[in-house]
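S.K.: For reference, the chains in residue letters:
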Amino acid sequence: MTRQSINPGRVDWSGENPGIYLKHNADDESYCLLSLFFRVALSPYGKGHAAIVLGAPDEAKGWPEASNFIMTDNQRMMRWIVDGWVTRMPTFVGRAGLQHMSWLNLDSVQRQPGDLKTDYREILRGSGVTLEMHWSNMGDPIPVEVTVENSATKAHEMYSVFLEAKSAAVTVNGTQLPGSVQSRQFFGRTMSTAFLAFSETWVTPVNLQG
Amino acid sequence: MPLSEPITPGVVDWTGENPGILLKNDDGSFSAMALFFRVAWSPVGQGQVLLLYASPNEAQGSAEAPNIILSDNDELSHYLLENFIGRLAAFRDAPAFQNLTHLVAQSVHSSGDPMSHRYSETVAGEGYTVELVWEQLEAPRALELMPNQVGSGIHTMYTVLVPAQQAQIIVNGKSLSGKLGTRVQADFETTTAFLYFSETWIIPPGGD
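Chains as they are written, first to last, in our numbering: chain A, 1 to 210; chain B, 1001 to 1208.
Rather than coming from a laboratory, the hints here were simulated on the basis of the structure.
Some hints here could point you the wrong way.
Stated by the list, open to error - Pairwise CB distance ranges (calculated): (1) A:Asp28 with B:Gly1181: 56 to 66 angstroms; (2) A:Lys117 with B:Ala1090: 32 to 42 angstroms; (3) B:Gly1181 with A:Gln99: 48 to 58 angstroms; (4) B:Arg1092 with A:Ser5: 20 to 30 angstroms; (5) A:Gly128 with B:Asp1113: 27 to 37 angstroms.
Note that beta-carbon positions come from the ideal geometry of N, C-alpha and C, so glycine has one too.
Isolated chain A, as found in the complex:
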């Protein structure tokens, strides 16, 4: 394939999109916790921040019965991203918790970067919830450029810079949710299920635009 300097596709959104996926045990088939953070710099619905936490991914319950919620300061943008991206990601497809998660208002976001090798935190507050996502023991940044065939949504091209984190934790109102980081295959490499993702851009190719 020949590289085209100016991608003819439509830029959908761009920003940061790190995540933490945890399992109780390494040989479990399902994750016990799925979480994603969004810092969107550019989208048709403006800028914004959000975090999705599914502490009970397979339970059809929202907060506070289960730790299934989304916190955001731009609901319209995130409704669009959840419908167009998150629901298409293999890790999230068919998860009852995604359909039933509560939508909470987000009042503040605080980034606490360490030296980018040992420690990185995003702390979100709103609707009576304080959420802390904590990544640690990071690897080197890995630049990726992903075709439609290789992308998580199978409908977009994607550019990003990933840093795997060897350990990570999600804490809600002071209580750490159970589970631990595991390994997974990532574009032919064995990497962890916790990652930072900077400078991420999603593009819809011309032939897939509605």
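Following the hints, complete the assembly by docking chain B onto the known chain A.
M.R.: Just chain B, lined up with the frame of chain A:
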């Protein structure tokens, strides 16, 4: 358009946002130049840096038209000056480059919407408030450029370009003089006012 190999070979130099405004005199020379960096990852950490040549053709700026680098991460300022800005001919060759005053940024904030009408970055510190304003914004474009297509000459680079048809550099409430010009990037004619989001600079294998 991405290649079929998902992981790009090479070493990430830095990644983040890198908008700028270059204003010109009637004779085509630069009257004012500004680059802003919001770095999400670099070997020296995150940070925000504003490079301003209000007097690009003078080795020494004035109080009203300073040549400054205003940052919340001084180590990052030096890293970018030595490894990146110093490779961009338009900035490196300007007399202002040799004698920049390093200042501490006490506040940095963006406002507006890059997919609407107006976007701005405001950086303040040590007696200066510098506002960069972009208006009449065009639709975003994703770019993938090779070393022979970028100013540094050594990097592979991904970015999202939002061109602007109007722009201002405002220093302590006063707009600097000059007009936007045109430039060509990857055979695409655009203006000298640009937003760049999700920009990643990669040193290819065997590169510098």
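S.K.: Compare the structure with the hints numbered earlier in the document and write down the numbers of the violated ones, lowest to highest.
M.R.: As far as the earlier hints go, not one is violated by this structure.
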